[in-house]
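> Take these sequences, add in the hints, and give me the full structure.
2 protein chains.
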Amino acid sequence: MNELPLSKEQIMDAAEQVLRRFGPDKTSVMDVARALQVSHGTLYRHFPSKASLREAVTERWLARSIAEPLAEIADGTDGSFAARLRLWLEKLIGSKRSYASDDPEMFAMYTDVTADAAEIIDSHVDALIGQIESILEGGIRSGEFKTAPPSETARAIFLATSRFHHPAHSPEWTAERADADFDSVWRLLLSGISA
Amino acid sequence: MNELPLSKEQIMDAAEQVLRRFGPDKTSVMDVARALQVSHGTLYRHFPSKASLREAVTERWLARSIAEPLAEIADGTDGSFAARLRLWLEKLIGSKRSYASDDPEMFAMYTDVTADAAEIIDSHVDALIGQIESILEGGIRSGEFKTAPPSETARAIFLATSRFHHPAHSPEWTAERADADFDSVWRLLLSGISA
Numbered sequence: 001m002n003e004l005p006l007s008k009e010q011i012m013d014a015a016e017q018v019l020r021r022f023g024p025d026k027t028s029v030m031d032v033a034r035a036l037q038v039s040h041g042t043l044y045r046h047f048p049s050k051a052s053l054r055e056a057v058t059e060r061w062l063a064r065s066i067a068e069p070l071a072e073i074a075d076g077t078d079g080s081f082a083a084r085l086r087l088w089l090e091k092l093i094g095s096k097r098s099y100a101s102d103d104p105e106m107f108a109m110y111t112d113v114t115a116d117a118a119e120i121i122d123s124h125v126d127a128l129i130g131q132i133e134s135i136l137e138g139g140i141r142s143g144e145f146k147t148a149p150p151s152e153t154a155r156a157i158f159l160a161t162s163r164f165h166h167p168a169h170s171p172e173w174t175a176e177r178a179d180a181d182f183d184s185v186w187r188l189l190l191s192g193i194s195a
Numbered sequence: 001m002n003e004l005p006l007s008k009e010q011i012m013d014a015a016e017q018v019l020r021r022f023g024p025d026k027t028s029v030m031d032v033a034r035a036l037q038v039s040h041g042t043l044y045r046h047f048p049s050k051a052s053l054r055e056a057v058t059e060r061w062l063a064r065s066i067a068e069p070l071a072e073i074a075d076g077t078d079g080s081f082a083a084r085l086r087l088w089l090e091k092l093i094g095s096k097r098s099y100a101s102d103d104p105e106m107f108a109m110y111t112d113v114t115a116d117a118a119e120i121i122d123s124h125v126d127a128l129i130g131q132i133e134s135i136l137e138g139g140i141r142s143g144e145f146k147t148a149p150p151s152e153t154a155r156a157i158f159l160a161t162s163r164f165h166h167p168a169h170s171p172e173w174t175a176e177r178a179d180a181d182f183d184s185v186w187r188l189l190l191s192g193i194s195a
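Quick mapping for you: the protein sequence lines, in order, are chains A and B. Going by the working numbering, the first residue of the first sequence is number 1, and it counts up by one from there. Going by the working numbering, the first residue of the second sequence is number 1, and it counts up by one from there.
Zero decoy hints are in this set.
So the derived label-pair ranges between C-beta atoms look like this: (1) D179/A with T174/B: 30 to 40 Å; (2) L190/B with G94/A: 25 to 35 Å; (3) E176/A with D102/B: 32 to 42 Å; (4) A83/B with R187/A: 22 to 32 Å.
Distance condition first, Cα-Cα at most 30 Å in a straight line; then the derived DSSO-like pairs of lysine-lysine: (5) K26/B with K50/B; (6) K26/B with K26/A; (7) K146/B with K146/A.
Computed list of chain A residues with no C-beta within reach of chain B, every gap over 12 Å: (8) K8; (9) D13; (10) D25; (11) D31; (12) H40; (13) R45; (14) A63; (15) I66; (16) P69; (17) F81; (18) K91; (19) S101; (20) P104.
Hint data in this document are derived by calculation from the structure and do not stem from the laboratory. Virtual Cβ for every residue (Gly too), placed ideally from N, Cα, C.
This is the structure in structure tokens:
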């Protein structure tokens, strides 16, 4: 075959479309090759296994759909740091909820990749915790928050809100009291970090 | 058939044994009837479905294995209320971890029943939150804790520690940093409730 070189982005775009159409369980690397009209060999050079393809697509989806919009909030300058932290958590939780209901194929793949404890999930979580940490640092500088080690507190805040954003809990997100529950946890955490 | 009346406890004992032997997915109400050498009809009067049998066995197991030992800690009188709350949470987390590794059949059944959002799980969780509440009330009376509404704070503490005791997270409990993570969350929560 005489093929034009394919960029990784083009492959990922096609893979994402194919995964949405067939669902993550039924999509093979060969389905993606077929959609791109390239040989298996071409694709296997980029993605040597179905797992590597799923992880790459999930990684890009997490960065674009979750981490980047959250970074805008973390880097913002409006209002108090407490308000910014709450907004950040609400955005994280709201995004997860809406993807769970409106983009079920990508969410199912993300759930599977999370359950497989893929390294890309650790990196994603570390990036999010880094964003919380930068909000905490701002609030410590301004005197709003206690001077506890911000990296540890940031991780604790992420873990303590798992119920509301970890995909294993998605069946619980539609519960009537989900918002009230987050509000209770938020108030407890805010009380724990406030100076 | 001419059968002696069977107590619900005898049925549950047999059901638990059969469930452990065959695993929760492969156990039917008929398997339990066979083990007890009674007719299906006798058993179906007590447990009209496989779901009702699983829920009843899970409910008893949760009460005996989790809630009762925890109640002893909540009702204790030694040490500070903060120390008691930490001990209570460590016992909850430790029990869940050890059942996940040492009693995998019962733990798998409990995980399934939890995922099905069975009412018995809500009752069990409410009972545990009530125990946290009673520790908080003691600490508020003694001046150790802030005078926030203890029922709401108790629920927030339970939810904020889900990562460490909700069965959906059991694959993460063996992670190297699991204890350090609990410790971080604990310090944040303690900071949030301390007067």
